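Undergrad: Turn these sequences into a full structure, and let the hints guide you.
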Amino acid sequence: MSLRIQRSFIDGAFVDAESAERFDNINPATGEVLCEVEQAGPAEVDKAVAAARRAFPAWAATPAVERRTILMRAAALIQEATDEMARLESLDVGKPIFEALEYDVPSAVECLEYFAGVA
Numbered sequence: 086m087s088l089r090i091q092r093s094f095i096d097g098a099f100v101d102a103e104s105a106e107r108f109d110n111i112n113p114a115t116g117e118v119l120c121e122v123e124q125a126g127p128a129e130v131d132k133a134v135a136a137a138r139r140a141f142p143a144w145a146a147t148p149a150v151e152r153r154t155i156l157m158r159a160a161a162l163i164q165e166a167t168d169e170m171a172r173l174e175s176l177d178v179g180k181p182i183f184e185a186l187e188y189d190v191p192s193a194v195e196c197l198e199y200f201a202g203v204a
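All residue numbers for the sequence shown refer to the numbering used here, where the first residue is 86 and numbers rise by one.
Derived from the structure by calculation, the hints contain no laboratory data.
Hints are all accurate, no fakes.
Between beta-carbon pairs, the in silico distance windows are:
no., residue 1, residue 2, range
1, R172, F200, 21 to 27 angstroms
2, G97, F200, 18 to 24 angstroms
3, R92, A159, 19 to 25 angstroms
4, I155, F108, 30 to 36 angstroms
5, A143, D168, 29 to 35 angstroms
6, A114, S192, 16 to 22 angstroms
7, P113, A146, 40 to 46 angstroms
8, T115, R152, 38 to 44 angstroms
9, R138, V178, 28 to 34 angstroms
10, R107, A143, 31 to 37 angstroms
11, I111, A143, 34 to 40 angstroms
12, K180, Q124, 20 to 26 angstroms
13, W144, R107, 28 to 34 angstroms
14, Q124, I155, 28 to 34 angstroms
Predicted, not measured: the structure shown is a model, and the values here were computed from it.
Note that CB positions come from ideal geometry on N, CA and C, so glycine has one too.
TA: Here's what the structure looks like:
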């Protein structure tokens, strides 16, 4: 069976790591390998920081009402996908799905909603 390979998402696109190194993402509850993850290194960090610096002026110039709308939309998308997000979190960290459903995903939504309020 071929495992899915996860790459870094930088500057709006998935990018290949300069290093050929990978590591297994393992479900700690079962030992099952969920996927392989490319090992990001200093080059990828530099690219991500540069992309963030390029994007920041446009984000900072975006009217607060529009920033709020964007963050609230992100919160709504996460909330709409609560079951899938909780399932993935449970597989990734080996915690009971109840915790992901009741705490982790709602906390992510609440965090985005909070920052939407101060955007």
